[in-house]
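Engineer: Spelled out, the chains give:
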Amino acid sequence: MQKLASYCGEGLFSSLGHHTEAYALPCKRSRINAPFVFNEEVFNKQKTTIEVLPDECLFEIFRRVDGNQERSSCASVSKRWLMLLSTIHKDEISQTSNQKSTIQDPGHLSRSLEGKKATDVRLAAIAVGTASRGGLGKLSIRGNNSTCGVTNFGLKAVAGGCSSLTGISLWNLSSVSDDGLVEIANECHNLEKLDLCKMSGISNKSLIAIADNCPNLTELSIESCPNIGDEGLQAIGQKCSNLKSVSLKNCPLLGDQGVASLLSSTSRSLTKLKLHGINISDVSVAVIGHYGLAITDLALTGLCKVTEKGFWVMGHGQGLQKLKLLTVNSCFGLTDVGVEAIGKGCPNLKQFSIHKCAFLSDNGFFSFAKSAVSLESLLLEECHRVTQCGIFSMLVNRDTKLKSLALKNCLGFKDLSFNGPSSRCNTLKTLSVNNCPGFGNGSLMLIGQLCPELQHVELTGLHGITDNGFTPLIESCEAGLVKVNISGCVNITDNTVCEITKLHGGTLEVLNLNGCRSVTDASMLSIASNCLLLNELDVSECAITDFGVSVLARAVQLNLNVLSLSGCRLVSDKCLMFLLKIGGSLVGLNIQNCHGISNSSVGQLVDRLWSCDILS
Amino acid sequence: MTSSKTIVLRSSDGATFEVDEAVALHSLMIKHRIETGGADSTTIDVPEVTGNTLSKVIEYCKKHVEAPNSDDLKSFDTDFVKVDQAVLCHLAKASYYMNIKGLLDLSSKTIADMFKGKTVEQIRETFHIKNDFTPEEEEELRKENSWNLFV
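Read top to bottom, the protein sequences are chains A and B.
Convert by adding 89 to the 1-based position in the first sequence; the result is the number in my numbering.
Convert by adding 977 to the 1-based position in the second sequence; the result is the number in my numbering.
Same shape as in the complex, but just chain B:
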């Protein structure tokens, strides 16, 4: 154990996590809070993130802060996002609010890649999205997309 300071992060559902300051600073949002918070900033609220997600985020930060140049970082990242949709989306949201660029890139890109090769209907099914276009609008979109194949 190093003698560095620890910070406590509190999630939206009240779960608390004690982490090294260095790890916590990986989140620019937390860094900003600490720098502007004053002396009494040992507990930081993260109301946009639930406990479950926060713990995963912390795991990510830990790995990237403690071993930033390790060879298995890439494979860590790849495995890290082998989770289902729900977790992935929560991770993306958390990394956005906590301003963790690496994780935001990783999670967003992973979701973006999930659209690859899928048709519109397949995307809707995979992500449970309701089609709110009118038939006329759908026709217009179809036309526009088919034009793009030839023009």
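Chain A extracted, bound-state conformation:
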């Protein structure tokens, strides 16, 4: 039998439930002179009951909260409740129906947080809320320089609640360090994609944890992370045998050791590799050439330490048999020797883009043309030592399969004098020449004769082109021109447009005459009479008047989707009714800087053409 000796009251017994009355002897009780806790504390106690419980007790209560709605409601009560709830691991929740699976199904939900809204509170809410609604699959958090609302706590909450995570992307979160990411690695074994950008708090420790715990990692992207080094890369290479895509950019601690090790370990799985501004030397590039057995996409940018030898070894390594897309940008080491080696060593190369490789010259292309017979697309930008000879050697090669040729800012290109070519290039479909001041009529005429299958022609900013240059192209083209963009070719007149529309009206879909100031209503008449399939027309800054627009409106066979009259000073309010008529099929209309069109007309257009996006 219990003895209630010298029992001091806690206050007003009678109000504390019927059980205690069994122990409370009548009135006398309250007279005992023992420390007597009076009104205030009782009052407070009645007000702060659950809040006085320590975290561990609250935790035990929350563990037993059944139902997602209840858990979400509890999470919204106060910060303390939210944070505690978010620390409950999924398997600590005692559920009535026990479906404890050791392998978590991949999550379906995705969440993206940016800037000020990227906070630990939000992450905790996500951790609590997504747990049983299919689970969180992808999480993207973009911080900014001024706020750092996301800390390791938030990541730990996500780790605990979202073990179904498949992809995580963290940008610019200065308060996040290894602790947070290691926790994610420890809990989210389904992780497939990891994307880190400007994460100064992350070091090798995180990558090693990821390597140890996430065997399904397929995509890795690390940019501007100053504390991630070779050791981390090595670990990933050794343990993640499913790694398919790697992108490394501007990480000062990464070098040959890490990259070479990664490449040799993931030889069988790696298909995409991008190295940008990484301090690697010829060694790593050689490793690519030998071990890149599965690589199909390769992009190398700003590799200042790679020399001619490196690219030569890469080409001759015989490893890049499956390479289809190659981009080399700002690598001084890419010279003729390298291009030749690549041509020989990559039998399946389909697309080659070369940007700002200053030492590349025609010789490289002469030999490349002979060996790279699989090439379908070539893009050359700012390679000033390459001239028209090198380029044309690619086209006149008998075995060429080249479908697309693009030249941008190639100052070495000089106009050829036209004399009839001896061969034809039946494969070229797309030609794009932008701002190569040397490309003039001679070159255009040659192309016209050489390539009868051209369908997409883009010649922009070429002041040397006149109507004469186009004639062979227009007349020899057998396939029928589909897209013609001659914006900025200021010396083109109505003659060219009329010829194009007359001979290719049956196939022409896109016509861009932006900045061709000599083009007048005569062109519009020709377009209206001859074009059957035209759906995009840009006559910005041309000498078009209301009459031209009216003619277009009367062409019943035309179903224009996009029309631009930007900067056409001669167009006025009179064309309003014509625009409305054309507007039936339009999804985009550009009438910026059409000073002749008043605001009220614009207003009417906006009102009536409600399915059209109008720029004014």
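You may find that some hints are simply not true.
[Unchecked claim] Here are the simulated distance ranges between beta carbons: (1) A/His473 <-> B/Glu1115: 55 to 63 Å; (2) A/Arg357 <-> B/His1009: 52 to 60 Å; (3) B/Lys1107 <-> A/Ser687: 58 to 66 Å.
[What the hints assert, rightly or not] Distance condition first, Cα-Cα at most 30 Å in a straight line; then the derived DSBU-like pairs of lysine-lysine: (4) A/Lys394 <-> A/Lys287; (5) A/Lys206 <-> B/Lys1078; (6) A/Lys168 <-> A/Lys205; (7) A/Lys168 <-> B/Lys1095; (8) B/Lys1107 <-> A/Lys168; (9) A/Lys205 <-> A/Lys287; (10) A/Lys591 <-> A/Lys572; (11) A/Lys338 <-> A/Lys294; (12) A/Lys363 <-> A/Lys411; (13) B/Lys1093 <-> A/Lys168; (14) A/Lys206 <-> B/Lys1095; (15) A/Lys206 <-> A/Lys227; (16) A/Lys227 <-> A/Lys338; (17) A/Lys338 <-> A/Lys459; (18) A/Lys670 <-> A/Lys572; (19) B/Lys1086 <-> B/Lys1051; (20) B/Lys1120 <-> A/Lys287; (21) B/Lys1120 <-> A/Lys205; (22) A/Lys168 <-> B/Lys1078; (23) A/Lys394 <-> A/Lys338; (24) A/Lys361 <-> A/Lys338; (25) A/Lys328 <-> A/Lys227; (26) A/Lys439 <-> A/Lys411; (27) B/Lys1059 <-> A/Lys205; (28) B/Lys1107 <-> B/Lys1008; (29) A/Lys492 <-> A/Lys433; (30) B/Lys1059 <-> A/Lys168; (31) B/Lys1008 <-> A/Lys227; (32) A/Lys227 <-> A/Lys333; (33) B/Lys1120 <-> B/Lys1095; (34) A/Lys294 <-> A/Lys439; (35) A/Lys168 <-> A/Lys206; (36) A/Lys168 <-> B/Lys1120; (37) A/Lys282 <-> B/Lys1120; (38) B/Lys1086 <-> A/Lys168; (39) B/Lys1120 <-> A/Lys206; (40) A/Lys333 <-> A/Lys398.
Think of the hints as simulated: they come from the structure by calculation, not from any bench.
Yeah, the Cβ is synthetic: ideal placement off N, Cα and C, and Gly gets one too.
Using the hints provided, position chain B relative to the given structure of chain A.
Structural biologist: Just chain B, lined up with the frame of chain A:
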């Protein structure tokens, strides 16, 4: 009365309770204290629990030790927790510190069930909790919770 040993438990406010050893051992914390305490362990301090709560805890332990298989154990438990919030919370805290699993389960689950069917505001009112979220944070939480209805 059995001839078993008795233990004295002293609450935070100095109240003492004499209980059978078997009953006291229902609390794993006390069991541990006794086993590691040595010969002089007849009075055990329970500083985290007040007298009022301790007496209720002892009542629980008594019932569960002396009649663990009785049919009315379930109804005893149900009635046992028909107390108000304050007592319930103190019981939960006490059972946690004294490591009495059954009582911890019972009291925690009872409190957890009190959240059922209540809105956030109702929970705050019932338990007198202050809302310390900023309006932006509340908006974020609302968004997250409403997403969960559809996604």
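Engineer: If a hint holds in the structure, say so; if it doesn't, say that too.
Structural biologist: Status of the hints after comparison with the structure:
Between A/His473 and B/Glu1115 the beta carbons are some 60 Å apart, a value that agrees with the proposed interval 55 to 63 Å. Taking the beta carbon of each, A/Arg357 and B/His1009 are about 56 Å apart, inside 52 to 60 Å as hinted. For B/Lys1107 and A/Ser687, the hinted distance range of 58 to 66 Å is satisfied, since their beta carbons lie about 59 Å from each other. Between A/Lys394 and A/Lys287 the CA atoms are separated by roughly 23 Å; this keeps the pair inside 30 Å, and the hint holds.
At roughly 41 Å between alpha-carbon atoms, A/Lys206 and B/Lys1078 are farther apart than 30 Å, so this suggested pair is violated. Only pairs whose Cα atoms come within 30 Å are accepted, and A/Lys168 paired with A/Lys205 is accepted, the gap being roughly 18 Å. Annotation: proposed proximity of A/Lys168 to B/Lys1095 holds, straight-line Cα distance about 18 Å (limit 30 Å). About 10 Å separates the Cα atoms of B/Lys1107 and A/Lys168, which keeps this hinted pair within 30 Å; it holds.
Straight-line distance between C-alpha atoms of A/Lys205 and A/Lys287 comes to about 17 Å, which keeps the hinted pair within the 30 Å bound. As the CA atoms of A/Lys591 and A/Lys572 are separated by approximately 15 Å, the hinted pair is consistent with the 30 Å bound. As the CA atoms of A/Lys338 and A/Lys294 are separated by approximately 19 Å, the hinted pair is consistent with the 30 Å bound. Taken as a hint, the A/Lys363 and A/Lys411 pair is honoured in the structure, with Cα atoms around 16 Å apart against an allowance of 30 Å.
Under the criterion of a C-alpha separation no larger than 30 Å, the hint pairing B/Lys1093 with A/Lys168 is consistent with the structure, at around 20 Å. Straight-line distance between C-alpha atoms of A/Lys206 and B/Lys1095 comes to about 28 Å, which keeps the hinted pair within the 30 Å bound. In summary, the hint linking A/Lys206 to A/Lys227 is supported, as the alpha carbons are separated by about 17 Å, within the 30 Å threshold. A C-alpha spacing of about 22 Å is found between A/Lys227 and A/Lys338, which places the hinted pair at or below 30 Å, so the restraint holds.
Proximity of A/Lys338 to A/Lys459 is assessed by CA-CA distance (about 34 Å); at most 30 Å being required, the pair is judged violated. Among the hinted pairs, A/Lys670 with A/Lys572 is consistent with the structure: their alpha-carbon atoms are about 25 Å apart, no more than 30 Å. For the hint pairing B/Lys1086 with B/Lys1051, the CA-to-CA distance comes to about 14 Å; that is within 30 Å, so the pair holds. With a C-alpha separation of about 28 Å, the suggested pair B/Lys1120 and A/Lys287 falls inside the 30 Å cut-off, and the hint holds.
The hinted pair formed by B/Lys1120 and A/Lys205 meets the criterion: a straight-line CA distance of about 15 Å does not exceed 30 Å. A threshold of 30 Å between alpha carbons decides the hint, and for A/Lys168 with B/Lys1078 the separation of about 28 Å falls inside it, so the pair holds. With a C-alpha separation of about 15 Å, the suggested pair A/Lys394 and A/Lys338 falls inside the 30 Å cut-off, and the hint holds. Between A/Lys361 and A/Lys338 the alpha-carbon distance is near 14 Å, which keeps this suggested pair within the 30 Å criterion.
Restraint check for A/Lys328 and A/Lys227: the C-alpha separation of about 22 Å stays at or below 30 Å, so the hint holds. A hinted pair counts as satisfied when its Cα atoms are at most 30 Å apart, and A/Lys439 with A/Lys411 qualifies at roughly 10 Å. Between B/Lys1059 and A/Lys205, the direct Cα distance comes to roughly 46 Å. Violation of the 30 Å bound is thereby established for this hinted pair. Note on B/Lys1107 and B/Lys1008: the hinted pairing is violated, with a Cα-Cα distance of about 39 Å set against a maximum of 30 Å.
Pair hint A/Lys492 plus A/Lys433 holds up; C-alpha atoms about 20 Å apart against a cutoff of 30 Å. With a C-alpha separation of about 29 Å, the suggested pairing of B/Lys1059 with A/Lys168 holds against the 30 Å cut-off. For a cut-off of 30 Å, the pair hint linking B/Lys1008 to A/Lys227 is broken: about 48 Å separates their Cα positions. Of the pairs offered as hints, the one joining A/Lys227 and A/Lys333 holds, with about 18 Å between alpha carbons and a cut-off of 30 Å not exceeded.
Between B/Lys1120 and B/Lys1095, the direct Cα distance comes to roughly 19 Å. Compliance with the 30 Å bound is thereby established for this hinted pair. This hinted pair does not check out: A/Lys294 and A/Lys439 have alpha carbons roughly 39 Å apart, beyond 30 Å. The straight-line distance between the Cα atoms of A/Lys168 and A/Lys206 is roughly 16 Å, inside the 30 Å bound, and the hint therefore holds. For a cut-off of 30 Å, the pair hint linking A/Lys168 to B/Lys1120 stands: about 16 Å separates their Cα positions.
At roughly 26 Å between alpha-carbon atoms, A/Lys282 and B/Lys1120 fall within 30 Å of each other, so this suggested pair holds. Restraint check for B/Lys1086 and A/Lys168: satisfied, since their Cα atoms lie roughly 22 Å apart, inside the 30 Å limit. Our distance criterion of 30 Å between C-alpha atoms is met by B/Lys1120 and A/Lys206, whose separation comes to about 12 Å. Among the hinted pairs, A/Lys333 with A/Lys398 is consistent with the structure: their alpha-carbon atoms are about 27 Å apart, no more than 30 Å.
Checked against the numbered hints given earlier, the structure breaks hints 5, 17, 27, 28, 31, 34 and satisfies all the rest.
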